[in-house]
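Peer 1: Spelled out from the first residue to the last, the chains are:
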Amino acid sequence: MSSREQLCFLDKVEPHSTIGDIKSLFYKLYPRWYPARQSLTLDPKGKFLRDEEILQSLPVGTTATMYFKDLGPQLGWTTVFFAENIGPLLIYLLFYFRVPYIYSDRCAFTSSPHKVVTMACVCHTFHYLKRLIETIFVHRFSHGSMPLRTIVKNCLYYWGFSAWLAYYINHPLYTPPCKSFYFHPSLACSRFLLQICEMGNFSIHLSLSHLRGDRSRGRRFPVPSKNPFTWLFFFVSCPNHTYEVGTWVSFSIMTQCLPVAVFTVLGFIQMTVWAKGKHRAYVREFKDYPAVRVAIIPLIL
Amino acid sequence: MSAAAQGTSKAAHGDVAPKKKKGPGALATAYLVIYNVVMTAGWLVIAVGLVRAYVARGSYHGLYYSIEKPLKFFQTGALLEILHCAVGIVPSSVVLTGFQVLSRVFLTWAVTHSVREVQSEDSVLLFVTAWTVTEIIRYSFYTFSLLNHLPYLIKWARYTFFILLYPMGVTGELLTIYAALPYVQKTGLYSVTLPNKYNFSFDYYTFLILIMISYIPRKSIGRLHFPLQKSAIRKTGYTG
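From first to last, the protein sequence lines are chains A and E.
For the first sequence, the positions run 1 to 301 when full-length UniProt numbering is used.
For the second sequence, the positions run 1 to 240 when full-length UniProt numbering is used.
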């Protein structure tokens with residue numbers, strides 16, 4: 001786009017064609033820029049045009065001028081999410097089973113005697129399995145794809161952190177929060193809270209997915225349903241993020257491991273940014289959006 | 001109906017109008033001028049202190065002690081520059097400025113101050129001298145720029161001296177960190193070992209080695225910054 005040269009001239013395009021059709025025509029002329037890589041705008045600094053938009057509805061006359069930008073290699077969201085989540089799942093297990101060269105040779109292929117370490121492994125593994133299942137069966141992604149650079153960055157973040165926290169939890173010198181796992185109230189509470197949050201998070205994802213799927217009634221914002229976990233929608237716009245933060249807080253309490261706490265804080269900051277953005281978008285789009293709702297923490301944030 | 005992706009007529013060379021910078025208001029400008037004058041003065045104090053101590057002692061060993069306090073004060077004061085970017089009165093990236101300032105502050109406090117044994121090393125003098133000359137030129141450059149009266153000499157000095165001062169500073173910094181390594185390892189400075197209640201460990205020795213390695217990509221990018229800026233200015237004829 002910075003070269004400002006004329007790339008092509010498409011003649012005899014039907015007025016009721018969509019941007020998607022234009023992208024396909026463009027792709028025929030320039031085979032290396034497949035439609036997902038194309039960003040077309042009416043104004044060099046404007047927002048990109050969505051694929052579903054129809055030429056007729058755009059503010060153009062008999063001739064339309066569009067600006068093209070190459071978004072770089074793209075990967076489908078499903079691929080991205082899959083890669084981001086399979087890494088932590090497997091990496092943590094490498095540490096749990098104490099694969100050689102991580103810890104000292106004496107400890108290779110042993111496991112920690114502490115029950116809390118086993119419980120942490122089960123929770124962590126379950127968490128990422130759940131995410132993988134949701135990626136394949138539940139989530140409906142809005143944009144088709146994501147740039148390659150983002151997937152590398154995201155994978156480094158998730159994989160790196162899971163290695164860092166798995167290292168300490170499964171370390172031979174790990175200090176468990178208490179001697180006996182099942183009778184300590186804080187551990188029982190954290191385990192219970194974790195399970196609640198996982199179920200809550202899953203319920204919200206299901207609810208959002210149904211909302212997406214049911215386009216027949218137009219765009220609507222999510223509302224509480226009969227499922228008690230969705231009642232958090234009374235208070236927040238993004239209860240899935242709320243539950244996710246809850247999961248990681250529980251995991252931090254359960255393991256009493258500083259790297260887990262750091263990961264929780266960073267995740268909380270990122271999810272708050274996302275939740276606030278989503279909340280603003282909802283408020284802008286829906287005039288009747290409930291006033292009591294905030295972004296992520298009920299009544300506070 | 002036809003659609004086209006086309007160019008506009010603004011693409012002629014040399015026709016690029018200077019980007020209208022969203023400049024700071026009058027109050028912010030006044031504050032920035034004061035800030036930059038104070039910093040210029042501060043680093044001049046350090047420079048004078050170095051020269052006087054050298055003349056008094058007759059040798060350049062251990063000159064760090066004569067300027068230790070103003071160095072710490074004025075280098076730490078540069079943290080304000082991150083705030084300036086965050087608030088928007090300076091059109092620089094918070095992240096980039098943050099990295100630069102924190103790198104300096106790290107070297108001042110976490111290496112030179114913390115590991116007493118390196119304070120008498122010559123490498124400390126090497127980077128302190130590089131920093132001093134660089135900062136005097138840089139802050140006076142900003143002062144004059146803010147007052148819209150930049151003498152060509154200062155601009156020339158900034159881009160030219162950089163060629164010598166940058167490698168000088170980097171060398172001094174690396175040698176200092178390297179000199180600190182054995183002491184850090186011996187005393188376990190700033191390190192946390194397992195087992196402990198928070199299930200966390202940190203080895204400052206390894207961390208310093210990683211910092212040294214990170215100099216390669218970080219400083220190569222920094223090394224290119226000024227030559228790129230200089231050629232960009234020459235191409236467009238726009239002087240900031």
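One thing to keep in mind: the hints can contain errors.
[Claimed, not checked] Label-pair distances were calculated between CB atoms; the ranges are:
(1) 227/E / 234/A: 42 to 48 Å
(2) 62/A / 227/E: 28 to 34 Å
(3) 102/A / 156/E: 51 to 57 Å
(4) 265/A / 195/E: 34 to 40 Å
[To be verified] Some chain A residues flagged as far from chain E (calculated, every beta-carbon gap over 12 Å):
(5) 82
(6) 146
(7) 153
(8) 173
(9) 174
(10) 175
(11) 212
(12) 274
Source of the hints: derived by calculation from the structure; they are not laboratory data.
These numbers come from a predicted model, not from an experiment.
Backbone N, C-alpha and C fix where the C-beta goes; we use that ideal spot for every residue, glycine too.
Peer 1: Take the hints in turn and mark each one as holding or not.
Peer 2: Checked hints:
A hinted range of 42 to 48 Å for the beta carbons of residue 227/E and residue 234/A is inconsistent with their spacing of about 59 Å. Between residue 62/A and residue 227/E the beta carbons are some 49 Å apart, a value that contradicts the proposed interval 28 to 34 Å. In this structure the hint that residue 102/A and residue 156/E lie 51 to 57 Å apart at CB holds, the actual value being about 55 Å. Judged by the Cβ atoms, the range 34 to 40 Å given for residue 265/A and residue 195/E is violated: they are separated by roughly 23 Å.
Look at residue 82/A: its CB is around 30 Å from the nearest CB on chain E, clear of 12 Å, so calling it non-interface holds up. The Cβ of residue 146/A lies farther than 12 Å from every Cβ of chain E, with a closest approach of about 22 Å, so its non-interface assignment holds. Every CB of chain E lies more than 12 Å from the CB of residue 153/A, the least distance being 14 Å, so the non-interface label holds. Residue-level check failed: residue 173/A sits 4 Å from the nearest beta carbon of chain E, not beyond 12 Å.
Residue 174/A, annotated as away from the interface, has a beta carbon of chain E within 12 Å; the closest lies near 6 Å. For residue 175/A, the shortest C-beta to C-beta distance to chain E comes to about 5 Å, within the 12 Å cut-off, and the non-interface label is violated. Non-interface status of residue 212/A relative to chain E is upheld: no Cβ of that chain comes within 12 Å, the nearest being about 31 Å off. At the 12 Å boundary, the C-beta of residue 274/A stays outside the reach of chain E, the nearest C-beta of that chain being 20 Å off.
Hint compliance for this structure: hints 1, 2, 4, 8, 9 and 10 are not met, and every other hint is.
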